[in-house]
Amino acid sequence: KNQVEQSPQSLIILEGKNCTLQCNYTVSPFSNLRWYKQDTGRGPVSLTIMTFSENTKSNGRYTATLDADTKQSSLHITASQLSDSASYICVVTDKTSYDKVIFGPGTSLSVIP
Amino acid sequence: DAGVIQSPRHEVTEMGQEVTLRCKPISGHDYLFWYRQTMMRGLELLIYFNNNVPIDDSGMPEDRFSAKMPNASFSTLKIQPSEPRDSAVYFCASSPTGTPEKLFFGSGTQLSVL
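Protein chains in written order, with the numbering used here: chain E, 79 to 191; chain Y, 164 to 277.
Some clues are possibly wrong.
[Said to hold, decoys possible] Here are the simulated DSS-like pairs of lysine-lysine, each with C-alpha atoms no more than 30 Å apart in a straight line:
hint	chain 1	residue 1	chain 2	residue 2
1	E	173	E	149
2	Y	231	Y	241
3	E	79	Y	265
4	Y	265	E	173
5	E	178	E	135
6	E	135	E	173
7	Y	231	E	173
8	E	135	Y	231
9	Y	241	Y	187
10	Y	265	Y	231
11	E	135	Y	265
12	E	135	E	149
13	Y	265	E	178
14	E	79	E	149
15	E	79	E	178
16	Y	265	E	149
17	E	95	E	149
18	Y	231	Y	187
19	E	173	Y	187
20	Y	265	Y	187
21	Y	241	Y	265
22	E	149	E	178
23	Y	241	E	95
24	E	79	E	135
25	E	149	Y	231
26	E	95	E	135
27	E	79	E	173
Since the hints were derived computationally from the structure, they do not count as laboratory data.
Please construct the entire structure, taking both the sequences and the accompanying hints into account.
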C-alpha cells in the first residue's frame, strides 16, 4: 500500500534556529514529491517539488532533499522566523496514477520568540 | 488571478440539514479536487474532476455526499443529510494540465454540524 509518513508529528523551536523535517514514503513507482506549507486557517501552498533525478532543491530559507533509493526526503528550514509556524505536508505522486497524490499527515511546526 | 475561491468560509448547521459548498477553480485549470481535512485523518481526497468529468469518487464517504461540476468555472459539494461526523474543513483545489499534482488550494470551508 502506498503510504507517506512524516516525523516528527510536532516541533517547537526558537526563532532563528534551524530545523529539519522528515518524510518517508513507500509510493512506487515514484513520480515526484512536493512539500506544502499550510498556515492555520488556510489551504496548503506548494513550497518545492522534487523529481526522481533531483537530490536537493532550495526555495529561499527552505531546502528540500530527496534520496530516491531509501525513499526519504527532508525539508530543512534555516534561520527560522515566526511566520514559519505552520503545518508542513509531504505529498508524493504515484507514477501510475499521475493525477492522484498521496498526502503525509504533516508536521506541525511552532516557532517561538 | 484571485486563486481558488470557496464559499462559504464557515458553515454551521444542524444535523439533518442539507449543506452545499461551492468552489470556483483557477481559470484554465483542468483538474478540480475536493478534499476533507480533520485532525484525526489529515487531508483526504473525496473526488476529483478532469475537464468537468468526475474521474474518481472512491473517496466520497457515502451516498449522502455528492459533487457536481456543471462547467469549468464552478463546482459544488453537497451533503444531505448532514451529520456531526461530517464536521471538518473542506478544501477545493485545482491544477493545470501537465502538472495535475501541483495543487492550488482554496482557503477552505469550515463545516460544523451540530
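Hint check:
no., hint, verdict
1, 173(E) to 149(E), "14 Å, holds"
2, 231(Y) to 241(Y), "8 Å, holds"
3, 79(E) to 265(Y), "22 Å, holds"
4, 265(Y) to 173(E), "14 Å, holds"
5, 178(E) to 135(E), "23 Å, holds"
6, 135(E) to 173(E), "21 Å, holds"
7, 231(Y) to 173(E), "27 Å, holds"
8, 135(E) to 231(Y), "38 Å, violated"
9, 241(Y) to 187(Y), "15 Å, holds"
10, 265(Y) to 231(Y), "22 Å, holds"
11, 135(E) to 265(Y), "16 Å, holds"
12, 135(E) to 149(E), "16 Å, holds"
13, 265(Y) to 178(E), "10 Å, holds"
14, 79(E) to 149(E), "14 Å, holds"
15, 79(E) to 178(E), "14 Å, holds"
16, 265(Y) to 149(E), "20 Å, holds"
17, 95(E) to 149(E), "27 Å, holds"
18, 231(Y) to 187(Y), "12 Å, holds"
19, 173(E) to 187(Y), "28 Å, holds"
20, 265(Y) to 187(Y), "17 Å, holds"
21, 241(Y) to 265(Y), "25 Å, holds"
22, 149(E) to 178(E), "18 Å, holds"
23, 241(Y) to 95(E), "45 Å, violated"
24, 79(E) to 135(E), "28 Å, holds"
25, 149(E) to 231(Y), "37 Å, violated"
26, 95(E) to 135(E), "20 Å, holds"
27, 79(E) to 173(E), "14 Å, holds"
Figure legend: structure checked against the earlier numbered hints; hints not met, in rising order: 8, 23, 25.
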